[in-house]
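Chain residues, written in single-letter form:
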Amino acid sequence: MNQRIEITTESAKETIELGRKIASALHGGLIVALTGPLGSGKTHLIKGIAEGLDAPDPTKVCSPTFVLVNEYEVRGGELTLYHIDAYRLNSPREFEQLGFEDFCRPDAIVLVEWADKILPALAGLELLQIELAHAGEDKRRIRINNPSVQLSNVLRCSE
Amino acid sequence: MQEKPVTILGVETSCDETAAAVVRNGRQILSSVVASQTKLHERFGGVVPEIASRAHLEKILPVIKEAIEQAGVKPADIDAVAVAHQPGLAIALMVGVTAAKTLAFAWQKPLIGINHLHAHLQSAILASETMELPAVALIVSGGHTSLYEAESALELKRLGSTIDDAAGEGFDKVATILGLPYPGGPSIEKTAKGGNPKAVAFPRSLLDKESLDFSFSGLKTAVLYHCQGQDMKGNNRVASMSPQEISDIAASFQQAAVDTLIIKTLRAVRKVGARTVLVGGGVAANTALREGMQDMCDKNKLSLLIAPKSLCTDNAAMVASLAYYYYKEGRFSGLDLEPTATT
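Listed in order, the protein sequences are those of chains A and B. With our numbering applied, the first sequence has no gaps in its numbers, which climb one by one up to 159 at the end. With our numbering applied, the second sequence has no gaps in its numbers, which climb one by one up to 502 at the end.
It is worth saying that the hints were derived from the structure and are not from the lab. Note that the coordinates shown come from a computational prediction; the quantities given were computed from them, not determined experimentally. Think of the CB as a built atom: it goes at the ideal place given N, C-alpha and C, for glycine as much as any other residue. Fair warning: there could be bad hints in the mix.
[Stated by the list, open to error] Pairs of lysine to aspartate or glutamate, DMTMM-like flavour, derived with a Cα cap of 20 Å:
| id | chain 1 | residue 1 | chain 2 | residue 2 |
| --- | --- | --- | --- | --- |
| 1 | B | Lys316 | A | Asp57 |
| 2 | A | Lys13 | B | Glu450 |
| 3 | A | Lys21 | A | Asp57 |
[Unchecked claim] So, partial list: chain B residues that the calculated Cβ filter (under 10 Å) puts toward chain A:
| id | residue |
| --- | --- |
| 4 | Val165 |
| 5 | Thr166 |
| 6 | Thr257 |
| 7 | Gly338 |
| 8 | Tyr341 |
| 9 | Pro345 |
| 10 | Ser346 |
| 11 | Asp372 |
| 12 | Thr380 |
| 13 | Val382 |
| 14 | Tyr384 |
| 15 | Gln387 |
| 16 | Gly441 |
| 17 | Lys458 |
| 18 | Asn459 |
| 19 | Thr501 |
[To be verified] Residues from chain B that face chain A, not an exhaustive set, calculated with beta carbons under 7 Å:
| id | residue |
| --- | --- |
| 20 | Arg213 |
| 21 | Leu248 |
| 22 | Ile250 |
| 23 | Gly301 |
| 24 | Arg317 |
| 25 | Leu318 |
| 26 | Ile322 |
| 27 | Asp323 |
| 28 | Asp324 |
| 29 | Lys379 |
| 30 | Ala381 |
| 31 | His385 |
| 32 | Glu497 |
| 33 | Ala500 |
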């Protein structure tokens with residue numbers, strides 16, 4: 001059954017706050033695929049997720065468009081957070097060559113921006129798909145597809 | 160008595176570029192080979208540069224070989240092997256680190272691990288005889304936008320960095336918004352010529368008054384809204400804009416980005432009482448930034464050391480050059496040197 005939660009945030013600050021909430025329901029081994037056009041809030045949402053996972057300096061969580069992969073120790077070193085950006089990649093093959101296979105392990109969470117560019121490389125993995133869109137001025141419409149029961153509860157409680 | 164010259168082979172693979180260089184005494188560049196800028200690149204095909212480790216793996220040995228040949232040296236003439244081992248893409252750094260370790264072991268020469276960002280500043284220092292300290296250093300590229308205090312040529316303390324997009328990434332994404340070709344930096348610069356930098360009042364994100372951090376995400380979104388409307392309801396005006404309007408937007412964006420970089424640099428100068436400003440990284444090739452920085456430094460009686468345009472983007476000469484100072488101090492790395500993704 002296809003389930004979907006849709007949330008509208010009113011500012012970058014609210015998008016970060018939503019990321020913090022999402023983080024509380026994430027576990028090692030999960031791949032979070034983020035899609036949405038330029039400026040739709042992907043990096044801000046990830047900043048919030050990193051904050052929620054207790055990254056040591058979440059203000060310094062920045063875009064990996066050029067460096068391709070950023071890496072953070074989170075939850076007191078219990079987990080590694082990989083923040084990947086597929087914006088500059090030309091093919092799923094290039095994505096795999098970033099060492100993606102090494103990132104997919106039970107003690108790591110992988111966040112992928114511009115995931116639509118490399119979707120075939122994510123086939124068969126445990127995925128959380130998040131779509132972001134502009135909704136006028138600073139508003140962003142954020143859709144979470146097939147959330148886990150835990151994530152649904154977290155997001156419903158905060159509504 | 161003249162000291163024996165020190166010749167160092169440098170290797171750089173931290174992001175997109177595979178590069179090797181031979182530098183003598185930290186200043187004399189005997190060769191500097193960057194794969195994407197040579198015929199080697201054509202041999203490996205593809206207009207679009209391949210990203211990531213496999214491409215490095217294919218190019219690393221030919222690039223090193225070419226650097227040694229162009230320098231006219233033999234392995235026996237090389238005193239040390241230096242490699243950028245942090246920060247960067249782990250799997251890409253690994254290629255350079257492995258090659259450098261192997262050569263150091265085979266030739267029985269010391270190995271020197273170098274910080275890639277620190278090396279960018281060496282590009283700025285390379286051409287100057289002296290440097291008055293303390294200095295403030297700005298590294299501005301596609302992946303990084305950071306300010307440092309330099310207490311000496313070898314010791315850097317970070318004062319601030321971007322909290323979202325790097326400045327160079329802003330240039331690239333604004334180029335995409337305006338339908339200009341990749342790479343965005345040179346495209347924006349070219350298009351901005353003849354444009355009015357005051358045509359559109361884009362924001363200068365200065366965060367709060369004290370902060371030395373940067374934020375360029377809001378500037379990118381402001382350009383997006385200007386072109387596609389606040390509601391973003393699919394009214395992309397770029398296709399119907401006159402070339403003049405596109406030039407005006409490019410010039411206004413460039414000015415906003417450059418102003419932000421200059422204001423923050425000056426703020427850092429005042430904070431640490433700096434006498435010198437160092438600028439390196441890919442965006443340092445931008446003429447508006449170079450001229451603006453020079454102007455700011457002249458007005459404030461600071462000396463400006465900025466990387467020559469040829470050494471702004473990733474290269475290995477900066478690695479081999481910085482390594483000379485490590486060599487002089489005997490700061491060598493073990494053969495167990497590992498790549499580190501973050502600083």
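Verification of the supplied hints:
Restraint check for Lys316 of chain B and Asp57 of chain A: satisfied, since their Cα atoms lie roughly 17 Å apart, inside the 20 Å limit. With a C-alpha separation of about 36 Å, the suggested pair Lys13 of chain A and Glu450 of chain B falls outside the 20 Å cut-off, and the hint is violated. For the given pair, Lys21 of chain A sits about 18 Å from Asp57 of chain A by alpha-carbon distance, which is consistent with the 20 Å threshold. With a cut of 10 Å, the hint placing Val165 of chain B at the interface with chain A is violated, because the nearest CB-to-CB distance is about 31 Å.
With a least beta-carbon distance of about 31 Å to chain A, the hint placing Thr166 of chain B at the interface is violated under the 10 Å criterion. Of the supplied interface hints, the one on Thr257 of chain B is violated, with its beta-carbon coming no nearer than about 14 Å to a beta-carbon of chain A, more than 10 Å. Interface restraint check for Gly338 of chain B: the shortest CB-CB distance to chain A comes to about 13 Å, outside 10 Å, so the restraint is violated. Hint on Tyr341 of chain B holds. Least Cβ distance to chain A is approximately 9 Å, under the 10 Å limit.
For the restraint placing Pro345 of chain B at the interface with chain A, the shortest Cβ-Cβ distance is roughly 15 Å, beyond the 10 Å limit, so the hint is violated. Look at Ser346 of chain B: its Cβ only gets to about 15 Å from chain A, farther than 10 Å, so that hint breaks. The beta carbon of Asp372 of chain B comes within 7 Å of a beta carbon in chain A, closer than 10 Å, and the hint placing it at the interface holds. A least Cβ separation of about 4 Å between Thr380 of chain B and chain A falls short of the 10 Å threshold, and the interface hint therefore holds.
The restraint placing Val382 of chain B at the interface with chain A holds, with a minimum CB-CB distance near 9 Å, inside the 10 Å limit. With its C-beta approaching chain A no nearer than about 8 Å, Tyr384 of chain B sits inside the 10 Å limit, and its interface hint holds. Because the smallest distance between the Cβ of Gln387 of chain B and any Cβ of chain A comes to about 8 Å, under 10 Å, the interface hint for this residue holds. The interface hint given for Gly441 of chain B holds, since its Cβ lies 9 Å from the closest Cβ of chain A, which is under the 10 Å cut-off.
Because the beta carbon of Lys458 of chain B sits about 31 Å from the nearest beta carbon in chain A, more than 10 Å, this interface hint is broken. About 29 Å separates the beta-carbon of Asn459 of chain B from the nearest beta-carbon of chain A, more than 10 Å, and the hint is not met. The restraint placing Thr501 of chain B at the interface with chain A holds, with a minimum CB-CB distance near 6 Å, inside the 10 Å limit. Evaluation of the Arg213 of chain B hint against chain A yields a held restraint, the C-beta minimum of about 5 Å falling below 7 Å.
Against a cut-off of 7 Å between C-beta atoms, the interface hint on Leu248 of chain B holds, since the closest Cβ of chain A lies about 5 Å away. Because the smallest distance between the Cβ of Ile250 of chain B and any Cβ of chain A comes to about 4 Å, under 7 Å, the interface hint for this residue holds. Taking 7 Å as the C-beta cut-off, the interface hint given for Gly301 of chain B holds, the closest approach to chain A being about 4 Å. Because the beta carbon of Arg317 of chain B sits about 10 Å from the nearest beta carbon in chain A, more than 7 Å, this interface hint is broken.
For Leu318 of chain B, the interface hint is violated, the least distance from its beta-carbon to any beta-carbon of chain A being 13 Å, above 7 Å. Hint status for Ile322 of chain B relative to chain A: holds, with the closest Cβ pair at about 5 Å, below 7 Å. Of the supplied interface hints, the one on Asp323 of chain B holds, with its beta-carbon coming within about 5 Å of a beta-carbon of chain A, less than 7 Å. Taken as an interface hint, Asp324 of chain B checks out: its beta carbon lies about 5 Å from the nearest beta carbon of chain A, inside 7 Å.
Checking Lys379 of chain B against chain A: minimum C-beta separation of about 6 Å stays under 7 Å; hint holds. For Ala381 of chain B, the suggested interface contact is broken, since its CB lies about 9 Å from the closest CB of chain A, more than 7 Å. Taking 7 Å as the C-beta cut-off, the interface hint given for His385 of chain B is violated, the closest approach to chain A being about 12 Å. For the restraint placing Glu497 of chain B at the interface with chain A, the shortest Cβ-Cβ distance is roughly 14 Å, beyond the 7 Å limit, so the hint is violated.
At about 5 Å, the closest approach between the beta carbon of Ala500 of chain B and any beta carbon in chain A falls short of 7 Å, and the interface hint on this residue holds.
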